[in-house]
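Participant: In case you want the letters, here they are:
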Amino acid sequence: MRFGVVVFPGSNCDQDCFWVVNRVLKQSVRYIWHQEADIRGLDCIIIPGGFSYGDYLRPGAIARFSRVMKSIVKFAKRGGLVIGICNGFQILLEVDLLPGAMLPNKNLHFICRDTYLRVENNQTPFTHLSSAGQILKMPIAHHEGNFYITIDGLKRLQDNRQIVLRYCDAYGKVDSEANPNGAIDNIAGIVSEKGNIFGLMPHPERSSEDILGSDDGLLIFQSIKQWAKTR
Amino acid sequence: MTRITKEIYQSLGLSDLLYQRILEILNRQPTLTELAMLSVEWSEHCGYLCSRKWLRLLPREGRFKTLIGEDSGGIIVDGWAIIFKMESHNHPSQVEPKQGAATGIGGIIRDIFTAGARPIALLDSLRFGNLDDPYNRYLLKGVIEGIQGYGNCVGVPTVGGEIYFEEAYTGNCLVNVMCIGIAKRDELKRARASGIGNAIIYAGASTGRDGIGGCSVLASAEFAEGEEKRPTVQIGDPFMEKCLIEATLEAIATGFVVGIKDMGAAGLTCSTSEMASSGGVGITIDLKYVPRREEDMQPWELMMSESQERMILCVKKGRERDICNIYSRWGLNAVVIGHVCPDKTVKVKHNGKIVANIPASALTNPPVFDMPYREPDYIKEIKKLNLSVLPLPTDYNSTLLRILASPAIANKHWVYEQYDHMVQVNTVVRPGLGAAVLRIKDSKRAIAATTDCNSRYCFINPYRGAQIAVAEAARNLICVGAQPAAITDCLNFGNPQKPDRFWYFKSCLEGIAEACRFLGLSVVSGNVSFYNENPNGAIYPTPTIGMVGVIDDVKMINTQSFKKDGELIIILGNSREELGGSEYLKVIHRMVCGEIPDLDLSLEMRTQEAVLNMIREGLISSAHDCSEGGLAVTLAECCVSQEEFMLGAEIDRLPCICRPDALLFGESQSRFVISASEEYFARIKQIAKENNVPLYLIGRTTKVRKLKILNYIDLPLEEIYKSWYNSFVNYLR
Chain Y
1 MRFGVVVFPG
11 SNCDQDCFWV
21 VNRVLKQSVR
31 YIWHQEADIR
41 GLDCIIIPGG
51 FSYGDYLRPG
61 AIARFSRVMK
71 SIVKFAKRGG
81 LVIGICNGFQ
91 ILLEVDLLPG
101 AMLPNKNLHF
111 ICRDTYLRVE
121 NNQTPFTHLS
131 SAGQILKMPI
141 AHHEGNFYIT
151 IDGLKRLQDN
161 RQIVLRYCDA
171 YGKVDSEANP
181 NGAIDNIAGI
191 VSEKGNIFGL
201 MPHPERSSED
211 ILGSDDGLLI
221 FQSIKQWAKT
231 R
Chain L
1 MTRITKEIYQ
11 SLGLSDLLYQ
21 RILEILNRQP
31 TLTELAMLSV
41 EWSEHCGYLC
51 SRKWLRLLPR
61 EGRFKTLIGE
71 DSGGIIVDGW
81 AIIFKMESHN
91 HPSQVEPKQG
101 AATGIGGIIR
111 DIFTAGARPI
121 ALLDSLRFGN
131 LDDPYNRYLL
141 KGVIEGIQGY
151 GNCVGVPTVG
161 GEIYFEEAYT
171 GNCLVNVMCI
181 GIAKRDELKR
191 ARASGIGNAI
201 IYAGASTGRD
211 GIGGCSVLAS
221 AEFAEGEEKR
231 PTVQIGDPFM
241 EKCLIEATLE
251 AIATGFVVGI
261 KDMGAAGLTC
271 STSEMASSGG
281 VGITIDLKYV
291 PRREEDMQPW
301 ELMMSESQER
311 MILCVKKGRE
321 RDICNIYSRW
331 GLNAVVIGHV
341 CPDKTVKVKH
351 NGKIVANIPA
361 SALTNPPVFD
371 MPYREPDYIK
381 EIKKLNLSVL
391 PLPTDYNSTL
401 LRILASPAIA
411 NKHWVYEQYD
421 HMVQVNTVVR
431 PGLGAAVLRI
441 KDSKRAIAAT
451 TDCNSRYCFI
461 NPYRGAQIAV
471 AEAARNLICV
481 GAQPAAITDC
491 LNFGNPQKPD
501 RFWYFKSCLE
511 GIAEACRFLG
521 LSVVSGNVSF
531 YNENPNGAIY
541 PTPTIGMVGV
551 IDDVKMINTQ
561 SFKKDGELII
571 ILGNSREELG
581 GSEYLKVIHR
591 MVCGEIPDLD
601 LSLEMRTQEA
611 VLNMIREGLI
621 SSAHDCSEGG
631 LAVTLAECCV
641 SQEEFMLGAE
651 IDRLPCICRP
661 DALLFGESQS
671 RFVISASEEY
681 FARIKQIAKE
691 NNVPLYLIGR
701 TTKVRKLKIL
711 NYIDLPLEEI
721 YKSWYNSFVN
731 YLR
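Protein chains in written order, with this note's numbering: chain Y, 1 to 231; chain L, 1 to 733.
The hints are simulated quantities; they were obtained by calculation from the structure and are not laboratory data.
Fair warning: this is a prediction, and the values are worked out from it, not measured in the lab.
Each residue gets a CB set at the ideal place from its N, CA and C atoms; glycine is no exception.
Check before you lean on any hint, since a few could be wrong.
Mimicking DSS-like on lysine-lysine, the simulated pairs with C-alpha atoms at most 25 angstroms apart in a straight line are [as the list claims (entries may be wrong)]: (1) L:Lys-444 / L:Lys-184; (2) L:Lys-441 / Y:Lys-26; (3) L:Lys-722 / L:Lys-586; (4) L:Lys-441 / Y:Lys-225; (5) L:Lys-317 / L:Lys-288; (6) L:Lys-706 / L:Lys-564; (7) L:Lys-555 / Y:Lys-26; (8) Y:Lys-26 / L:Lys-184; (9) Y:Lys-137 / L:Lys-563; (10) Y:Lys-137 / L:Lys-555; (11) Y:Lys-74 / Y:Lys-229; (12) Y:Lys-137 / L:Lys-722; (13) Y:Lys-137 / L:Lys-564; (14) Y:Lys-26 / L:Lys-444; (15) L:Lys-412 / Y:Lys-106; (16) L:Lys-564 / L:Lys-722; (17) Y:Lys-173 / Y:Lys-155; (18) L:Lys-344 / L:Lys-317; (19) Y:Lys-106 / L:Lys-722; (20) L:Lys-586 / L:Lys-380; (21) L:Lys-288 / L:Lys-347; (22) Y:Lys-173 / L:Lys-722; (23) Y:Lys-137 / Y:Lys-225; (24) L:Lys-412 / L:Lys-586; (25) L:Lys-141 / Y:Lys-106; (26) L:Lys-441 / Y:Lys-137; (27) Y:Lys-137 / L:Lys-412.
Derived Cβ-Cβ restraints for the label pairs, each shown as a range [what the hints assert, rightly or not]: (28) Y:Ala-170 / L:Glu-294: 53 to 61 angstroms; (29) L:Val-729 / Y:Gln-226: 40 to 48 angstroms; (30) L:Val-729 / Y:Arg-156: 32 to 40 angstroms; (31) L:Pro-655 / Y:Tyr-56: 56 to 64 angstroms.
Quick look at which bits of chain L chain Y covers, simulated, 3 or more residues with Cβ under 8 angstroms [said to hold, decoys possible]: (32) 144 to 153; (33) 420 to 429.
All chains, full assembly: derive it from the sequences and hints.
Facilitator: Below, the structure written as structure tokens:
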């Protein structure tokens, strides 16, 4: 299968995603420059982390107007697989491919550390190789990862099983102590209603090799690869 | 033409003596633009007038093949060049902590990618006054905000560093930042212009009036009371820097870039004159092409501005468009502002007239001064320590907890968790577990990096204190399994015009040179920061050492935390009754005095080699050096520094007959605490013996979550963890 990694000026996890897809997952991958409109021939688009266009206004607020995002929105609405990691998740919220918004972390600081995540839905293209309730260790690194959504919106996410990952402790307990940034309902990652668009704050590309402390994130990429194969 | 008065040259930071030299060299009165250019190039910050004579002592060769460039240096590992440098941004940070620190990061990153190397890691060594002063808390928070705001955005992980607090830094904090980069050996670029007719291209941000006089008026003078220096601080834009990194590395990859230099201190002046001088050519530029963001800028302002995120490139004639297109694709300015010419002068045109015409070598070869130095009288006094009147602690448990909770020792996760330390997916050993380890992709090798300096030691004994800074940095690298390879030094001192301050500088430099020579380390780059004073006196002499080491096999790395219960705990090296200058004396007895611990460089090297061999043979489970806080603190950290996997320790014998406080908290040098499975003990002993290193078995790791040391310490790990892990943030409230 063929992956595309979007490069905005200010993206800084683009090369990491490229590395993992290319060298660890061993799949074909190319960069997509932010001014490109033609994304034909790709099976999965990764919107990586970083500070697109400097993110001086609000994370993702400028990126939503980029040329490449117009194509990605069309691609996603046709059912194409899109995964937004960190800043990528923030951008997916800004273009309304996913519901909700990001607030600054509750402690008002940038937070970079490992978190534990419980797989709440293993029936998605991004998690189907994990077991239900499996605990994954992946790092976060963000200043605005405090996911917020209205109570009605939250209920819809819950009812549709759109909540995919929630922050938990090492034993899978989901509570406020295990919540690093104040996200509502400990939400770390959600999918779109149809399940083909995935946004998450933790970095699976930083936890795809044992030597970096965890390879749990690779499960996400492997799931995507496997999913595409069976379609 | 403006007549140059004493008032004008003094306001630019030039002394009468220097102005006389300028008249001699030019054989005429300088223009205002020329005077401005010379004032920045001849500032202490850029020109190293007082220090240059002594810097020649530093070894330029070591165990690894060394590269010395114009802006940075490095080592060769296989086909890779590891480039690194540390630089200070002290005065800007004291004046405006967030922007001061941020632009420090921006500047040091540019020094690395201008060599053609991709920046892969940052470390920062910070010093502040005591945190009970609200202004010092403001500085600390501002500096951290600046580092995280810039470093996180630009996508270079901040993987290590250190923070210390001493009253001497009140009024003059230190922000020393180090960047490491990597390149294929044959892709490196120099900051040299060459090829008559080749283009000089300006790339990056537009020029404004910010930072005028940053290196001369701000960095090369003391702070006086009530002085307002904020306009001399620059403002950074990490987003632009990120684009500049990518565009520049892309430009270099075309092969059309002949030479390249960033515009840091002294901006256009420094970059053009140093590119010309080191290339043995001349450069002519026309200011009308320089992108600017303010109107009516005078030529001297354009030449002195320290606006951030700017580069100068020397590009093959006919290839200008290829290079400019790359920058504009990244949304950056790139314009031809001049060309290389044969006559070895820097010529600046403005409105059709030549406003400066100076030999490049005159700009880059300022006078060298031989500064007088004298050992201050108080040294003898502060070395005195009468242990017989020093009371022993009544409760060793609470003493240990207090030391663990002191701001110098307490874990700094509150700080490093605000830094992205994982981006670029190379970070194998993260902050908080010893030296940082970064893998080299597509290689089984890795590099390790650390910064170190115990400035209290340097205050009491600068020569040995500086040697200890080198030795301890090396020890940190050994503990992760790295062969120490080379250093960069950032030398922070007071006013060099004062002989006692200069004696500190000279003594520290001699100490670094001797230790590096002995340990086979080259000094690849560095920076001198003088005039670090406040109205009450000088800072502690702080020769910060940034060291890089090489790990042969990334699978054979090691960390400081105990790994398995029932393993042997062993100490290598000798423990003596050495309490002078210790953290214990400072925290518990509020004393800064006493001769600092002895350092035997030969024993140091043998011990380091022994530990490295043990790690390479896979014999030991953990290694941690004994430093501030002594053996008790080392053991405590071995027990609790891996939060999810804490192990207890029972120490039932110790190899020293001395006061118990010296035994537990003394800071004797060249010591390592290691743990190992019993089956390897014979081989470990053999290696120690072969290297003639003292070895003592002192106890075992335990499943019982307690640290027990003889009859003195008996503490649950939870209590140790709480003091060590949670205390730091409390000082900031």
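Participant: So which of those numbered hints doesn't the model satisfy?
Facilitator: none
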